[in-house]
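Student: Assemble chain B onto chain A, guided by the hints.
If you want the building blocks of each chain, they are given just below.
There are 2 protein chains.
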Amino acid sequence: MHDEFAKIEWLKSRFDLDGESKKPIVGIGDDAAVLDLGAGPTVVTVDTHVEGVHFTRDLISCRDLGYRAMVAAASDVWAMAAMPSASVVALSLPADLSDEQFRELIEGLAEAAHSTGARVVGGNLSRGPSLTVTTTVLGSPVGESVTRSGARPGDGVYVTGTLGSAALGLAVLQTRDLETGHAPSFVKRWRRPPLHGAAAKALASIATAAVDVSDGCLQDLQHVCAASNVGAILSADAIPNAPDYKATCEGLGRDPTALSLTGGEDYELMFTAPESPEAKALGTKIGRIVDGSGVRVIDEAGQAIEFAETGFRHFS
Amino acid sequence: MHDEFAKIEWLKSRFDLDGESKKPIVGIGDDAAVLDLGAGPTVVTVDTHVEGVHFTRDLISCRDLGYRAMVAAASDVWAMAAMPSASVVALSLPADLSDEQFRELIEGLAEAAHSTGARVVGGNLSRGPSLTVTTTVLGSPVGESVTRSGARPGDGVYVTGTLGSAALGLAVLQTRDLETGHAPSFVKRWRRPPLHGAAAKALASIATAAVDVSDGCLQDLQHVCAASNVGAILSADAIPNAPDYKATCEGLGRDPTALSLTGGEDYELMFTAPESPEAKALGTKIGRIVDGSGVRVIDEAGQAIEFAETGFRHFS
Chain A
2 MHDEFAKIEW LKSRFDLDGE SKKPIVGIGD DAAVLDLGAG PTVVTVDTHV
52 EGVHFTRDLI SCRDLGYRAM VAAASDVWAM AAMPSASVVA LSLPADLSDE
102 QFRELIEGLA EAAHSTGARV VGGNLSRGPS LTVTTTVLGS PVGESVTRSG
152 ARPGDGVYVT GTLGSAALGL AVLQTRDLET GHAPSFVKRW RRPPLHGAAA
202 KALASIATAA VDVSDGCLQD LQHVCAASNV GAILSADAIP NAPDYKATCE
252 GLGRDPTALS LTGGEDYELM FTAPESPEAK ALGTKIGRIV DGSGVRVIDE
302 AGQAIEFAET GFRHFS
Chain B
2 MHDEFAKIEW LKSRFDLDGE SKKPIVGIGD DAAVLDLGAG PTVVTVDTHV
52 EGVHFTRDLI SCRDLGYRAM VAAASDVWAM AAMPSASVVA LSLPADLSDE
102 QFRELIEGLA EAAHSTGARV VGGNLSRGPS LTVTTTVLGS PVGESVTRSG
152 ARPGDGVYVT GTLGSAALGL AVLQTRDLET GHAPSFVKRW RRPPLHGAAA
202 KALASIATAA VDVSDGCLQD LQHVCAASNV GAILSADAIP NAPDYKATCE
252 GLGRDPTALS LTGGEDYELM FTAPESPEAK ALGTKIGRIV DGSGVRVIDE
302 AGQAIEFAET GFRHFS
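Protein chains in written order, with this note's numbering: chain A, 2 to 317; chain B, 2 to 317.
Same shape as in the complex, but just chain A:
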C-alpha cells in the first residue's frame, strides 16, 4: 500500500462498510463527493497545501498561496459541473510565520473566495511545524453532477486552456532562470490557477465525464478511463500549449510533450463528450475514448509515445 491510489482504493472499501445507509450520491474516488443532505445535492471536497511538499515560501508569496489553495479546491467542485458556494479553511501556522505573512495568506484566500464564490464561513487555527492550508469547499451542482465514470467509446477528450504551463512555471522557479522565453508568465500560471466557473456551467449540459488536471493530464485521464471502464487515445500534437511554451521548455532543457502530459497542477478541466460545436467551444479536442482500458499517446505519425512517469503521486 505504498502508492497514493492504492491507499485510496483501500479507504474506499473501508469507509463503504457502513453500507447503504446515508450512502453519498458520489463517494470516495471522484474529484468531489456529492451528498443528499435533505432537499438537494451538495458537493464537498477538501484539498491540502503543505509547506515543503506542495510549495516553499521562497517560491510563492503567502498571498498567492492562499489564492492557489482556494482555487485548487474549487477546481474539484467545477470538475463535477458544480458551483462553489462556501468554504471552511484549516490553517496550521509555524512559529516563523510573520503577522504580515498571515495577513497576506488571508487576503489571498479572501480574494479567491470572492472570485470562486466559495465564501469562507468557518475554519480552524492551530500551531504546526510547517505551514499547512486545508480548504474544504462546498458547492451545488448546476444540473446533474458530472463524475469520472460516464465516458463512452466514441466521445472526444477535451481540455480547457493550455497544458504544461504550471509545471513549466515551477521548473522556471526551481532553476531560477527567469530570463528564458516567457518565463514570468508561466510562473504566474503556477502561482495562480485559472477560474472555471463558466466552464463548469457549460460542462453540465455537454460532458459525459470530467476531471480537473491536477496530477498530470495522462494520469488524470487514466482515472477517468478506469472509472468509466474505457480506454483513450491521446494525440500529443493536439495538446494546447501557451505561446512560447515550447521555446521556454527547450531553453530549460525540458521535453515539452512530457511536461504537458505528465506535469501536474494545471487545474484545467478535462472532459469527455460527444463531438459538438459546444464541446469544441469549451475546450481543445486532444483525443478520443475507445473500447478497452488505459491511455495510449500517439504522435502525429500515429506512433505510440511512452513516458517514464505518468504524473505526480504521493508516497511512491
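Do not take every clue at face value.
Copies of the same chain are indistinguishable here, so a pair counts whether it falls within one copy or spans any two.
[As the list claims (entries may be wrong)] As a list, the in silico DSSO-like pairs of lysine-lysine whose alpha-carbon atoms are at most 30 Å apart:
#, residue 1, residue 2
1, Lys13, Lys189
2, Lys286, Lys24
3, Lys13, Lys281
4, Lys13, Lys247
5, Lys24, Lys202
6, Lys24, Lys281
Hints listed in this document are in silico derivations from the structure and should not be mistaken for laboratory results.
Tutor: What follows is chain B alone, placed relative to chain A:
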C-alpha cells in the same frame, strides 16, 4: 495579533467583506457555521489534530487518534444542536508512519464516523512533515440551530458529563504515573471523547446557547458570554467530576478546581437554559447567567477565585 482569538476576530471582519451575498446563517466565531445551500440549513465545521501540538504518537495510538479527531469535529456539530451526517478527512502523512499505523488511523476514523453518523465521503492524502488529521464534518440541525449568542440573564449554566477528566488523563500520560488513583480511566477519557448525539437532540428544545468544552470550561463560557453580551457566575463546588478525580489530581500535584475549569479537551457540551427538569436531566447546573460581562468563579462561601490562565490558546 499574537492571540488566537484576536486572529479570529480579524478573520471574521475580513471574510465578511463580501457583504450580504450568500451570507451564512451562522458564520465565523461559533462552534460551526450554518449555511443555507438551497432547501435547508447545513452545519459545517473543521478541526485539526497536529502531531507535536495536539498529540504525540507515544501518548495515543493511531486508532484512538483517528477516533478522537472525528469525535472532536463532530462535537462542534452537536454543540449547534445538530446531527453529523457526513465528513471529509485530509491526512498529511509523515514518511515514518507505518502501513500498520495508517490502517489503525483509518480504523479509528471509520469507527467514529459510524458512531457519530458522520460517514466519510471523501478526503485528501498527502505527504507532510508531521502527522496531521483535518476533519470537516457536515450536519443538519435538529430544529433551530443553537449558537453561542442566545444566553439570557437568569438562565442556568449546565454541563454534560464531568469536567477535568481529559486534562487529568493527559497529565497522567505526561507524568507517566499510571499507578495513581483511577489514572487509566482518565487516560481513556482523554483518548476517547464522549459521544453526544442524544444530548444534541435534547439541546434543540431547551438550550438558549451552547458550546463544546474544548479550550476549557472557563474560556468557553467566556466566549458564550461575549457572544451573548452577558456575564456569568460559576460555582466551583458545583463542577461535576468523575469518581476519584480529586484524589488522582492531588496524587499528581494538580489543583482539581483549576484543572476542571481551565483544562481543555473534555468535549462535553455546556449550555445555557431556563431552569427546568429537562435541563437538569441533561446536565449539571454549574452557574448562572447575569447582566454584565465576563465570568466570575466563586467558591462555596461566595468568594471569588482567580486563575492564572483561563484555558488553552494557540499563539499566546
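Student: Now, for every hint given, state plainly whether the structure supports it.
Tutor: Hint check:
In this assembly of identical chains, Lys13 and Lys189 lie within 30 Å of each other by CA distance solely across copies; the values are 29 Å between and 36 Å within a copy. Taking the shortest alpha-carbon separations for Lys286 and Lys24, neither the intra-copy value of 35 Å nor the inter-copy value of 39 Å comes in at or below 30 Å. Within a single copy, Lys13 and Lys281 get their C-alpha atoms no closer than 35 Å, and across copies no closer than 43 Å, so neither meets the 30 Å cut-off. Proximity of Lys13 and Lys247 under a CA criterion of 30 Å is satisfied in neither setting, with 40 Å inside one chain copy and 45 Å between copies.
In the homo-oligomer, the alpha carbons of Lys24 and Lys202 lie at most 30 Å apart both inside one protomer (26 Å) and across protomers (22 Å), since each shortest distance falls under that limit. When the C-alpha separation of Lys24 and Lys281 is checked against a cutoff of 30 Å, the pair qualifies neither within a copy, at 36 Å, nor between copies, at 37 Å.
Comparing the model with each numbered hint stated earlier shows that hints 2, 3, 4, 6 do not hold.
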